[in-house]
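Peer 1: These protein sequence lines map, in sequence, to chains V and L.
Reading the first sequence from the start, the letters are residues 1 to 296 in this note's numbering.
Reading the second sequence from the start, the letters are residues 1001 to 1154 in this note's numbering.
By construction, these hints were calculated from the structure, which means they are not laboratory data.
Here the structure is a predicted model, which is why all the values come from computation and not from measurement.
Mixed in with the good hints, there may be bad ones.
What the hints assert, rightly or not - Some but not every residue of chain L turned toward chain V, in silico, with C-beta under 10 Å: (1) Q1038; (2) F1039; (3) A1043; (4) F1044; (5) V1053; (6) Q1054; (7) G1141; (8) A1150.
Note that beta-carbon positions come from the ideal geometry of N, C-alpha and C, so glycine has one too.
Chain by chain, the residues run as shown.
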Amino acid sequence: MRRVLSLLALLGAAAAAAGWWVTAPRPLEPRAFAGLQGDAARGERIFWAAGCASCHAAPGATGEARLVLAGGRRFASAFGTFVAPNISPDPAQGIGGWTLAEFGNAMLRGVAPDGRHYYPAFPYGSYVRMRLQDVADLKAFMDGLPAAETPSKPHEIAFPFSIRRAVGVWKYLYLDDAWVLSGDLTPQETEGRYLVEALTHCAECHTPRDALGGLDRSRWMAGAPNPSGPGRIPNITPARLRWSAAEIAAYLQTGFTPEFDTAGGSMADVVKSTAMLTDADRAAIAAYVKRLAPAE
Amino acid sequence: MALVRLATAAAVMAATLGVTAAAADPAIEAAIRARKAQFQLYAFHAGVVGGMVQGNRPYDAAAAKAAADNLVALSGLSRMFQWPEGSANDTVEGTRALPAIWANFDDFTAKHEALHAATVALAAVAGDGLDALRGAMGAVGGACSACHQAYRAP
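This is chain L alone, in the form it adopts within the complex:
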């Protein structure tokens, strides 16, 4: 009987601890939502340019330039707020951000700056025709992937 009670107590404690571990810090959750929104906006505007490059929509110099300018603005946002310590996928649910980001924050920063530089280059040629757009967009995709390769879980 005592054994049953002990087992029940242990189960209750385990459940309580589990709940405690799963209830995340609201500030961390807000930061994760904010950076996901930022990525959503990247993808939306990359889709405008990418659609032209892949031939799914006609090339439009003004639209290409406007979308590229938005990518420049998005990649220029300060990283100070969206990437707090403790927001990696080893401690929080609902994110694919790997702990390696915070172990190599200088490299993470450098990869983000490389993306910013690639978007600036894209904006500079966005009005110069489809061939120029294609080359510059390839570099933007490469910059996205370089960071996803190192710092995002599949």
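Excised from the complex, chain V in its bound form:
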């Protein structure tokens, strides 16, 4: 009996240790960014492609004010309400004092400088595919943006999702830098795949999620319930989206659909960012969208 009990205790301890190991934050190799120099001019393209301002600019900001990444925008979800933090270069309230390695760990691993997990409302599940040089360039650009002294507000997340350590389970299950679209791609489609899967993170809203909040890769871009209100985010695979590549590119530039309806909801903010890209980048995104596997 005594032996059975001690075996059970041992198994329990092993399970706890495994759980602790699985949920541990996994930062990048400390030397991952050694020798990389950021280029702010190139970083501006990454900034608009990654859509940083769409979530981190103050709610309702337009024009130049979208470069002030004061945060405060609220995102309702099944797990509670997330509040976008201040990621301006303010050293006290923003991320001004961060090293490139700290910034890289946030972007690519969802790990904060203090070692805590970020919630995947911050789309590091997409940014995990970013090139390290692009991360360095993005930081160089963001370092030059206006500082905001607005303090970040806490997320309003209920137990048990309030346990940050549990995000480690999510990462164990879903954080994966493999490309979703595979096959024989043209150079333009390949660049579009990088833009969409690593930067513009379209899938975060356009792909349905399972019960634990992981993206269902078998239904990639096949549409999903609106995470923050009524209605559905549309299916943009060729099964439903019949627009030409030129029409998709025009939409991402002007917000006008081929029928001359205009973007609304969260997509209106997305278009404010994609409007800042080059025609070539929008054409590459459109080429990728046209190559998606049709899913009803």
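Please arrange chain L on chain V, whose structure you already have, making use of the hints.
Peer 2: Coordinates of chain L only, in the frame set by chain V:
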């Protein structure tokens, strides 16, 4: 047996209530149809100007001006009739209008007035060439989106 009867009665009542809730007020339905028609006309005329801006049809000063004038007229329609209380998507099927419209009707009004101002600016330059048209049309699209962003479900 009594339990089965109770369950049947409950099911019938639930079905009846469901039907009652789904049968909308004809006046509300008519208002929703009317505003959808208005949006259809916006899109149709925006398409004339937008087609020129996007290079899908040749620039024609007279046609651009006529389409812009129609947008001015459409955005100048009184809002008194198409937006009755109780016509949001939380109570009625077949509309994407959010309840926030009626919670912030002053802001909704201001956004509609901003669209009207943008169409007036568009009409003023519609005959001045493609570059002028492009800038003014961008502002019209921005005014459309500002309202769709706040007040229309996806």
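Peer 1: So which of those numbered hints doesn't the model satisfy?
Peer 2: 1
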